[in-house]
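**Q** Could you slot chain B onto chain A? The hints should help.
Order-wise, the sequence lines are chains A and B.
Numbering of the first sequence is given in my numbering, commencing with residue 14 and proceeding in unit increments.
Numbering of the second sequence is given in my numbering, commencing with residue 246 and proceeding in unit increments.
Hints in this document: simulated from the structure, not taken from any laboratory.
Being a predicted model, the structure only gives us computed values, none of them experimental.
Please note that the accuracy of each hint is not assured.
Stated by the list, open to error - Restricting the straight-line Cα-Cα distance to at most 27 Å, the calculated cross-link-like pairs of lysine-lysine (DSS-like) are:
| no. | chain 1 | residue 1 | chain 2 | residue 2 |
| --- | --- | --- | --- | --- |
| 1 | B | Lys665 | B | Lys478 |
| 2 | B | Lys408 | B | Lys420 |
| 3 | B | Lys403 | B | Lys537 |
| 4 | A | Lys270 | B | Lys665 |
| 5 | B | Lys313 | B | Lys420 |
| 6 | B | Lys651 | B | Lys665 |
| 7 | B | Lys668 | A | Lys270 |
| 8 | B | Lys433 | B | Lys480 |
| 9 | A | Lys270 | B | Lys408 |
| 10 | B | Lys433 | A | Lys270 |
| 11 | B | Lys651 | A | Lys270 |
| 12 | B | Lys313 | B | Lys559 |
| 13 | B | Lys369 | A | Lys270 |
| 14 | B | Lys651 | B | Lys627 |
| 15 | B | Lys511 | A | Lys270 |
Residue strings, one per chain:
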Amino acid sequence: MSEAVEQAVRVRRAGATRRRLHRLDAVVSPYLYVGSFFVVFCAFGLFPLGYTAWMSLTDRNLLNPTTHFVGLDNYTALIHDSYFWNAVENTLGIWVLSTVPQLVLALVFAHFLNTRLRARTFFRMSVLLPQVTSVVAVALIFTQLFSRDYGLFNWMLGGIGISPVDWEAGRFSSWVAISTMVTWRWTGYNALLYLAAMQAIPDDLYESAAIDGARKWKQFWYITVPMIRPTIIFTVIISTIGGLQLFTEPYLFEPIKQGALGGSARQYQTVAMYLYEKSFGTTQFKFGYAAAIAWSLFLIIVLISLVNFLLVRRIRSAEA
Amino acid sequence: MKWIQTGRRWKALAVVGGVTAAVAVGLVATTASARSHDVTLNVSLFGDFGYHELYKQYEAAHPGVTIKEAIQSYADHHTQLAQHIATGAGAADVEAIEVGFIPIYTAQSQNFVDLRQYGASTLKNLYLPWKFQQAVGKGGTVVGLGTDVGSLAICYRKDLFAKAGLPTSRAKLAKLWPSWQAYLNVAKRYQAKAPKGTYFFDSGSNLYNAMAGQLNPLYYDAKGNVIVATNPKIKAAYNLVISGVQAGADAGLNPFTPEWNTGYKKGVFATVTCPAWMMGYIQGQAPKTKGKWDIAATPGTGGNWGGSFLAVPKQSSHQAEAADLVKFLTSPASLAYIFKQTGNLPSQTAVLKSAPVQNFKNPFFSNAPVGQIFANSALRLKPQIIGPHQGDYQNLINNAFQRVEKHQSGPVKSWAQFLKDAKAVS
Chain A
14 MSEAVEQAVR VRRAGATRRR LHRLDAVVSP YLYVGSFFVV FCAFGLFPLG
64 YTAWMSLTDR NLLNPTTHFV GLDNYTALIH DSYFWNAVEN TLGIWVLSTV
114 PQLVLALVFA HFLNTRLRAR TFFRMSVLLP QVTSVVAVAL IFTQLFSRDY
164 GLFNWMLGGI GISPVDWEAG RFSSWVAIST MVTWRWTGYN ALLYLAAMQA
214 IPDDLYESAA IDGARKWKQF WYITVPMIRP TIIFTVIIST IGGLQLFTEP
264 YLFEPIKQGA LGGSARQYQT VAMYLYEKSF GTTQFKFGYA AAIAWSLFLI
314 IVLISLVNFL LVRRIRSAEA
Chain B
246 MKWIQTGRRW KALAVVGGVT AAVAVGLVAT TASARSHDVT LNVSLFGDFG
296 YHELYKQYEA AHPGVTIKEA IQSYADHHTQ LAQHIATGAG AADVEAIEVG
346 FIPIYTAQSQ NFVDLRQYGA STLKNLYLPW KFQQAVGKGG TVVGLGTDVG
396 SLAICYRKDL FAKAGLPTSR AKLAKLWPSW QAYLNVAKRY QAKAPKGTYF
446 FDSGSNLYNA MAGQLNPLYY DAKGNVIVAT NPKIKAAYNL VISGVQAGAD
496 AGLNPFTPEW NTGYKKGVFA TVTCPAWMMG YIQGQAPKTK GKWDIAATPG
546 TGGNWGGSFL AVPKQSSHQA EAADLVKFLT SPASLAYIFK QTGNLPSQTA
596 VLKSAPVQNF KNPFFSNAPV GQIFANSALR LKPQIIGPHQ GDYQNLINNA
646 FQRVEKHQSG PVKSWAQFLK DAKAVS
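Okay, chain A solo, but in the shape it has when bound (with noise of 0.2 Å):
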């Protein structure tokens, strides 16, 4: 063979080498893109979700070396405990009373920040404040301000002739408490997701509504609304997951820790603080049993965000 044909044979070999390489980059690429989020995803998602599941059919307990198959009996035992029914209770109270008027005020807030305010960047980046701030210090200073005989609240119903309220005590009356932090914690994040879908709407849908006679509250409602559907259901999805789970803002707001009770009476006991009770609150270290309360919670949060979401969807889509 010649030199010259020799090297042609050498490209066009290291060239098919390239090709099947860029082929695999091509295929295997993608994969190793979103490996490393799926491996992470496995060890710190998918596992402990596995082993929680498995665990709620064990009578698995912390300070106990040894564990036995228990099969559905956690399960069993969960449907006549009716502290779990109570902590599911609360926790949908707590749930409608703090997201009803955040998503709603948020909505306002959103409104008012898309029209032409005089320092319209300050009010913009002051509603995200208190997402900023730490649970925590929101939880202690709200829990000052609801106390019974010092707080704030209480001093302010004072100045209009109402008598203190014990807003630990109460059932209806710590749920709200919560919820005024909760609510406090997540409008202003809620309305900055509502201000970015509202700036995405053009504006001559507005003009042509306000040709046509449509007053400003009938543009938002049969504008502005329907075109932010998306972001609304988006929303109401992740406050429905955090809001039955929520745990920091009720637990901090007990007086004294004993267990995550919820109060004495465990009038404000959610399921994730009932789920802290069995495992390391007090010395039942029930961890099976805990486990059992997590997946109740986990296909309670997919029961009713699939029923929000059916709902959610019946607002009038702007393709209508």
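**A** Same frame as chain A, now just chain B:
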């Protein structure tokens, strides 16, 4: 752990280098051998035990030993201890365990160093017998050594008593309330002429805690069975406390909350059941009430509320050194020192009877002979059988009183819920 080891290797290198250099100039490096025994001992406590000076003493006497202390809240400390013991990692070399939690760990003594290996058996006779016994596990294993006992007395506000027309001398009051029933009779007398906005006692739960400390059996019988629902003495104590609540003698403040602390400052309640460690608490919360307080003997015979132990988990990599530190911190001299420092009462008989403790008077409490009052109360107490969920039952019945105080439910319903709660824990 890893970091310490690398650190040590560097130190060893430095020492080797130093020795070589010293030899080169013809000097003898005498400290090099001591350096290779460097040990850091971690001590994990809840609240301040007043050990700082003692650490310094110990470190001075044991070159190469460094002591690091970590302090957490009562609840957090014990939760984390359980996690560390269960997972076999993360525990300190010396762990404090409160009496409410010690039965859990005596039941699994395999996780702790048996302090008999380090001469705990010879220390047995020093202790109040029941105190030593509380930390003894399966087969006589000694899981921990006692630090303090709570003991019990009544702290009262002389000024409020005088205004309500009651005697103010501690001797007279001790005679006036030989029993808890008599104490509640005094409560009614006080309330009849009480200064406006004041109550005889702070909370139902604290009153109950004091009564419960004198009962034996309480929650567990001699065989270790739970008798919460069947022990008539618990129900009787509950009813007695409730009678005081219903007589309006109860301030209804939740103990250890900001409201309760403010109650001390404002003088909202005239008496509080007082373990020795409470003295320090009152002084810290209401320093301006100095001289208005006095201390009288408790109703009933003796009493105890609280008290702790020091233990060495098996996970510790310096078991011998840690056990030695525990022995030092619980030595008679250390206990006597701590008593003067913080008011925590020694748990050893000889120390309780010693002149420095017996003669100790507390100026904050009108120079009451607190050493004598608390020591005698501790010496007279009859031991109580304790079990794994002791602390839980105590918390749960405290909640029962709060439900009544906050009008969340009536006494009968609240008791029923307590029984239900107690059943769920076991």
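**Q** For each hint, tell me whether it holds in the structure or not.
**A** So, going through the hints one by one against the coordinates:
With a C-alpha separation of about 18 Å, the suggested pair Lys665/B and Lys478/B falls inside the 27 Å cut-off, and the hint holds. With a C-alpha separation of about 20 Å, the suggested pair Lys408/B and Lys420/B falls inside the 27 Å cut-off, and the hint holds. For the hint linking Lys403/B to Lys537/B, the alpha-carbon distance of about 6 Å falls within 27 Å, and the restraint holds. Restraint check for Lys270/A and Lys665/B: the C-alpha separation of about 20 Å stays at or below 27 Å, so the hint holds.
Distance restraint check for Lys313/B and Lys420/B: the Cα-Cα separation of roughly 47 Å exceeds the 27 Å cut-off, and the hinted pair is therefore not satisfied. In summary, the hint linking Lys651/B to Lys665/B is supported, as the alpha carbons are separated by about 20 Å, within the 27 Å threshold. Under the criterion of a C-alpha separation no larger than 27 Å, the hint pairing Lys668/B with Lys270/A is consistent with the structure, at around 20 Å. Distance restraint check for Lys433/B and Lys480/B: the Cα-Cα separation of roughly 21 Å lies within the 27 Å cut-off, and the hinted pair is therefore satisfied.
At most 27 Å may separate the alpha-carbon atoms for a hinted pair to count; Lys270/A and Lys408/B exceed this at roughly 36 Å. For the hint pairing Lys433/B with Lys270/A, the CA-to-CA distance comes to about 32 Å; that exceeds 27 Å, so the pair is violated. For the given pair, Lys651/B sits about 18 Å from Lys270/A by alpha-carbon distance, which is consistent with the 27 Å threshold. Among the hinted pairs, Lys313/B with Lys559/B is consistent with the structure: their alpha-carbon atoms are about 18 Å apart, no more than 27 Å.
At most 27 Å may separate the alpha-carbon atoms for a hinted pair to count; Lys369/B and Lys270/A exceed this at roughly 35 Å. At most 27 Å may separate the alpha-carbon atoms for a hinted pair to count; Lys651/B and Lys627/B exceed this at roughly 34 Å. For the suggested pair Lys511/B and Lys270/A, the alpha carbons sit about 24 Å apart, so the restraint of at most 27 Å is met.
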